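Student: Spelled out from the first residue to the last, the chains are:
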Amino acid sequence: MSKTVQQEFAPGTHPDLPPPVNTTGIIGWSRKNLFSSPLNTILTLLAMLLLWKSLPPLFEWAVINSVSTADSREQCWNQMSSPGAGACWAFIKDRVELFTYGFYPPPLRWRVNISFVLLALAVVPVLYEKLPYRKYGLIYSAVFPFIAGWLLVGGFGLEQVDTDQFGGIMLTLIIGVTGISFSLPIGVALALGRQSNMPVLKILCVLFIEFIRGVPLITLLFVASTMLNYFLPPGTVYALLVRVLIMVTLFASAYMAEVIRGGLQAIAKGQHEAGDSLGLTYWQAHRLIILPQAMKISIPGIVSTFIGLYKDTTLVLIIGMMDILGLGNASLADAKWAGLANEVYIFVALYFFISCFSMSRYSLYLEKKLHTGH
Amino acid sequence: MSSASVTANEPMLLLRLWRNQEYRSVFIQIMTMLILFTFLGMIGNNVANNLEKAGKDFSFAFLSYPAGYDITFQPFISFSPTDTHFRAAIVGLLNTLLVAVSGVIIASIMGFTMGILRLSNNWLVSKLVYVFLEFTRNIPVLLHIFFVYSIFLYVLPVPKKAISLSDTVFLTNRGFFIPSPVFEDGFGYVWLALLLAIVAVVVFVIWERKNQDQTGENYPVITISAAIIIGLPLLTYFISGSPLSWEVPAIKGFNFKGGSSIKPEYIALTFALAYYTSCFIAEIVRAGILAVSGGQSEASHALGLSHGNTLRLVVIPQALRVIIPPLASQYLNLTKNSSLAIAIGYMDVVATIGGISLMQTGKEMETMIFVLMTYLIISLIISAFMNWFNKRMSLVER
Numbered sequence: 001m002s003k004t005v006q007q008e009f010a011p012g013t014h015p016d017l018p019p020p021v022n023t024t025g026i027i028g029w030s031r032k033n034l035f036s037s038p039l040n041t042i043l044t045l046l047a048m049l050l051l052w053k054s055l056p057p058l059f060e061w062a063v064i065n066s067v068s069t070a071d072s073r074e075q076c077w078n079q080m081s082s083p084g085a086g087a088c089w090a091f092i093k094d095r096v097e098l099f100t101y102g103f104y105p106p107p108l109r110w111r112v113n114i115s116f117v118l119l120a121l122a123v124v125p126v127l128y129e130k131l132p133y134r135k136y137g138l139i140y141s142a143v144f145p146f147i148a149g150w151l152l153v154g155g156f157g158l159e160q161v162d163t164d165q166f167g168g169i170m171l172t173l174i175i176g177v178t179g180i181s182f183s184l185p186i187g188v189a190l191a192l193g194r195q196s197n198m199p200v201l202k203i204l205c206v207l208f209i210e211f212i213r214g215v216p217l218i219t220l221l222f223v224a225s226t227m228l229n230y231f232l233p234p235g236t237v238y239a240l241l242v243r244v245l246i247m248v249t250l251f252a253s254a255y256m257a258e259v260i261r262g263g264l265q266a267i268a269k270g271q272h273e274a275g276d277s278l279g280l281t282y283w284q285a286h287r288l289i290i291l292p293q294a295m296k297i298s299i300p301g302i303v304s305t306f307i308g309l310y311k312d313t314t315l316v317l318i319i320g321m322m323d324i325l326g327l328g329n330a331s332l333a334d335a336k337w338a339g340l341a342n343e344v345y346i347f348v349a350l351y352f353f354i355s356c357f358s359m360s361r362y363s364l365y366l367e368k369k370l371h372t373g374h
Numbered sequence: 001m002s003s004a005s006v007t008a009n010e011p012m013l014l015l016r017l018w019r020n021q022e023y024r025s026v027f028i029q030i031m032t033m034l035i036l037f038t039f040l041g042m043i044g045n046n047v048a049n050n051l052e053k054a055g056k057d058f059s060f061a062f063l064s065y066p067a068g069y070d071i072t073f074q075p076f077i078s079f080s081p082t083d084t085h086f087r088a089a090i091v092g093l094l095n096t097l098l099v100a101v102s103g104v105i106i107a108s109i110m111g112f113t114m115g116i117l118r119l120s121n122n123w124l125v126s127k128l129v130y131v132f133l134e135f136t137r138n139i140p141v142l143l144h145i146f147f148v149y150s151i152f153l154y155v156l157p158v159p160k161k162a163i164s165l166s167d168t169v170f171l172t173n174r175g176f177f178i179p180s181p182v183f184e185d186g187f188g189y190v191w192l193a194l195l196l197a198i199v200a201v202v203v204f205v206i207w208e209r210k211n212q213d214q215t216g217e218n219y220p221v222i223t224i225s226a227a228i229i230i231g232l233p234l235l236t237y238f239i240s241g242s243p244l245s246w247e248v249p250a251i252k253g254f255n256f257k258g259g260s261s262i263k264p265e266y267i268a269l270t271f272a273l274a275y276y277t278s279c280f281i282a283e284i285v286r287a288g289i290l291a292v293s294g295g296q297s298e299a300s301h302a303l304g305l306s307h308g309n310t311l312r313l314v315v316i317p318q319a320l321r322v323i324i325p326p327l328a329s330q331y332l333n334l335t336k337n338s339s340l341a342i343a344i345g346y347m348d349v350v351a352t353i354g355g356i357s358l359m360q361t362g363k364e365m366e367t368m369i370f371v372l373m374t375y376l377i378i379s380l381i382i383s384a385f386m387n388w389f390n391k392r393m394s395l396v397e398r
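Sequence lines, in order, name chains A and B.
Position 14 of the first sequence, counting from 1, maps to 14 under my numbering, and the rest follow consecutively.
Position 62 of the second sequence, counting from 1, maps to 62 under my numbering, and the rest follow consecutively.
Any given hint might turn out to be false.
[Claimed, not checked] Going by beta-carbon spacing under 10 Å, a handful of chain A positions derived as facing chain B:
#1 110
#2 201
#3 213
#4 220
#5 339
#6 341
#7 356
[Said to hold, decoys possible] Label pairs and their in silico Cβ distance ranges:
#8 377(B) with 154(A): 43 to 53 Å
#9 371(A) with 59(B): 49 to 59 Å
#10 75(B) with 283(A): 33 to 43 Å
#11 163(B) with 185(A): 32 to 42 Å
#12 80(A) with 163(B): 18 to 28 Å
#13 248(B) with 52(A): 47 to 57 Å
#14 390(B) with 126(A): 43 to 53 Å
#15 66(B) with 283(A): 53 to 63 Å
#16 371(A) with 109(B): 44 to 54 Å
#17 359(A) with 12(B): 44 to 54 Å
#18 234(A) with 359(B): 20 to 30 Å
#19 126(A) with 206(B): 54 to 64 Å
[Unchecked claim] To spell it out: a stretch of chain A is covered by chain B in this simulated footprint if at least three of its residues, at any positions, have a beta carbon under 8 Å from a beta carbon of chain B; those stretches are:
#20 42-53
#21 314-326
#22 345-351
No lab work stands behind these hints, which were simulated from the structure alone.
Treat the numbers as computed from the prediction; the structure is a model and nothing was measured.
Even glycine gets a Cβ: it sits at the ideal position worked out from N, Cα and C.
Using the sequences and the hints given, assemble the complete structure.
Tutor: In structure tokens:
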């Protein structure tokens with residue numbers, strides 16, 4: 001009790017005091033989020049130490065000391081204070097065309113470029129729901145793989161290109177896009193088959209799905225590269241790329257089927273009964289009522305299957321196809337540039353990170369948009 | 001009775017049958033079987049023709065022929081070029097399982113840690129883990145394997161300039177060299193003591209649970225169990241006169257001799273697979289913990305349980321129910337991804353029988369079938385085990 005302080009305000013009329021300094025602003029924020037307990041303080045300090053130890057040297061290596069014009073590793077390293085002190089981006093610059101087109105004949109590379117543009121156009125109607133005339137756009141998207149196939153392989157008026165010459169980002173995209181666009185319809189068919197009440201169809205679908213999901217993709221690729229030709233009539237030989245595309249599509253469709261089955265199972269029984277009571281046939285009911293709802297629920301799963309498939313395209317390098325990672329590895333064996341593994345791996349990693357991360361962001365955005373509940 | 005009044009207006013018999021759902025379903029199934037058998041018959045025919053043309057036969061007899069190649073990494077059973085292809089496959093399978101088991105253990109530890117750190121209210125740590133997770137998850141696992149392996153090849157020194165940790169453990173680009181234990185007479189007592197300790201702990205835990213149910217008394221179970229398991233063998237070890245010595249690796253010529261070596265391929269593969277998978281596990285763990293409603297931990301705090309007990313007794317058991325099914329599929333993924341071993345030359349089951357044996361014998365069909373069946377069996381075993389575990393953990397409803 002202080003007797004000396006005079007009461008300036010009548011009770012209840014004192015103006016609000018500002019909150020204590022250490023609970024607002026940057027101090028308050030860091031007290032709450034960084035130093036709230038002894039354990040948190042230790043964790044924060046450790047994290048800061050980690051960042052301090054790793055980020056500046058990385059920045060120095062990748063940006064400050066890096067060299068972007070040189071003809072060989074020796075030239076690169078001669079420009080630095082000590083060999084390997086900085087990144088030799090000249091290597092990537094030298095190889096970027098190889099990494100994009102593989103061994104596709106340089107005079108015909110305009111065909112690849114057109115395919116890239118057409119691919120970008122084909123993606124638009126799939127992504128944007130509000131696009132005018134989206135229906136026609138979607139038809140184009142469905143036809144796109146065939147157009148691109150014609151453009152890339154040739155025939156029918158275009159000069160033929162051997163599929164062995166495909167490589168790099170182009171090959172990665174071919175396998176990814178083919179796998180994605182063909183696995184979706186097959187996956188829907190398999191999922192419907194698994195849900196069917198015809199025992200023969202059901203058992204077949206279950207066996208197929210569980211077999212594919214039980215073995216690694218790499219063994220299936222080995223089957224494609226060594227064993228699949230035995231299954232074909234004598235004398236017919238398909239290019240390795242075709243066999244790989246078949247296997248990758250089958251592989252992805254088994255996973256897709258499980259994702260879509262999850263969506264189908266989430267649809268209430270009443271929806272089926274409503275369709276029946278309206279006199280719709282099985283296909284009408286599925287096309288108009290069941291599948292639109294089931295697909296909507298399974299979109300996040302479908303996108304993550306796509307991402308997984310896209311990352312798995314790198315496995316083709318094990319059976320000798322030159323995708324972007326395979327070409328990167330092969331470049332490391334080049335005497336002129338040997339030993340620059342970090343540069344190549346960082347380049348390839350960034351490529352995959354950008355494409356996969358944007359896909360997963362898109363899926364999150366869709367999830368939020370489709371979240372119509374509470 | 002209606003058959004008597006068949007008129008021209010009524011559809012034909014076949015069409016009527018087609019419109020009957022049961023008949024239609026039987027018809028479709030018969031057709032499916034027919035198409036399937038024709039297809040399989042065609043493939044079988046093609047295979048037979050192709051094999052005949054190539055002058056090969058279909059038999060697994062080659063499994064008992066000498067393999068004629070060496071396997072660089074054979075930690076469990078010995079292998080020499082005169083051993084059979086089958087033994088090579090078994091060595092490869094054991095190597096696969098070694099990577100799978102050690103990878104699953106490391107991935108679980110890392111995944112749970114990161115999942116919990118991601119939920120921490122420490123902003124910096126949570127964001128740091130988030131960045132690491134997103135970056136790692138969106139890059140192909142094969143690239144991770146190459147990257148870790150290249151660190152071995154290019155960053156670690158040659159054996160002559162090995163990084164040594166107190167002169168017992170050596171890190172080189174030919175692998176890690178660690179001291180190997182040499183068991184002398186009398187070490188059997190230590191094993192016996194360990195066995196006894198485990199039995200004692202089991203008995204103690206059962207008694208403790210019963211005691212707690214009856215009286216409500218609480219003992220520090222984990223501390224006491226750990227003390228028994230570590231203490232008893234350690235005591236026996238010193239009483240029996242330290243019957244264990246270590247063989248320390250030493251440099252001889254260009255490489256280390258003595259001790260055990262851990263191959264760089266094994267470390268690179270296991271570590272890359274483990275941290276890649278752990279990122280997916282972290283997301284699963286995070287989602288599982290978030291799925292337990294906040295009221296549960298509030299209720300347990302209200303009952304006076306400490307923060308640790310709340311986590312251990314209330315939150316985690318409920319979160320596990322959500323976590324286990326996707327966790328099982330991540331374990332399966334890791335096991336299947338271990339087949340990427342072939343990319344860096346680790347001798348797993350794909351690289352031995354599906355790689356070198358295939359090349360040497362030309363038995364594409366048989367070796368591939370062998371490999372596919374191996375993975376199918378592993379997958380079935382893992383999913384059966386996880387189903388059993390899931391059933392045990394699931395909510396017992398009245």
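Student: Cβ-Cβ distance between residue 163(B) and residue 185(A): within 32 to 42 Å?
Tutor: For residue 185(A) against residue 163(B), whose Cβ atoms are near 55 Å apart, the range 32 to 42 Å is violated.
Student: Return holds or violated for the Cβ distance of residue 80(A) and residue 163(B) against the range 18 to 28 Å.
Tutor: Because 24 Å falls inside the window, the suggested range holds.
Student: Taking 43 to 53 Å as the stated bounds, is the beta-carbon spacing between residue 377(B) and residue 154(A) within them?
Tutor: holds, 45 Å
Student: Against chain B, run the beta carbon of residue 213(A) and see if the smallest gap drops under 10 Å.
Tutor: holds, 8 Å
Student: With a cut-off of 10 Å, does the beta carbon of residue 356(A) approach a beta carbon of chain B closely enough for the hint to hold?
Tutor: holds, 4 Å
Student: Report holds or violated for chain B covering the segment 314-326 of chain A, Cβ cut-off 8 Å, minimum 3 residues.
Tutor: holds (count 5)
Student: Return holds or violated for the Cβ distance of residue 126(A) and residue 206(B) against the range 54 to 64 Å.
Tutor: Because 59 Å falls inside the window, the suggested range holds.
Student: That 49 to 59 Å hint for residue 371(A) and residue 59(B) (C-beta), does it hold up?
Tutor: holds, 58 Å
Student: Could one say that the CB atoms of residue 371(A) and residue 109(B) fall in the range 44 to 54 Å?
Tutor: Violated, at about 34 Å.
Student: Look at the Cβ atoms of residue 248(B) and residue 52(A) and judge whether their distance stays inside 47 to 57 Å.
Tutor: With Cβ atoms ~36 Å apart, the hint is violated.
Student: Should the interface hint for residue 220(A) be scored as holding, given a Cβ-Cβ cut-off of 10 Å against chain B?
Tutor: holds, 8 Å
Student: Holds or violated: the hint that residue 341(A) contacts chain B, with Cβ atoms closer than 10 Å.
Tutor: holds, 4 Å
In terms of the numbered hints stated before, the structure departs from hints 1, 10, 11, 13, 14, 16, listed from lowest to highest.
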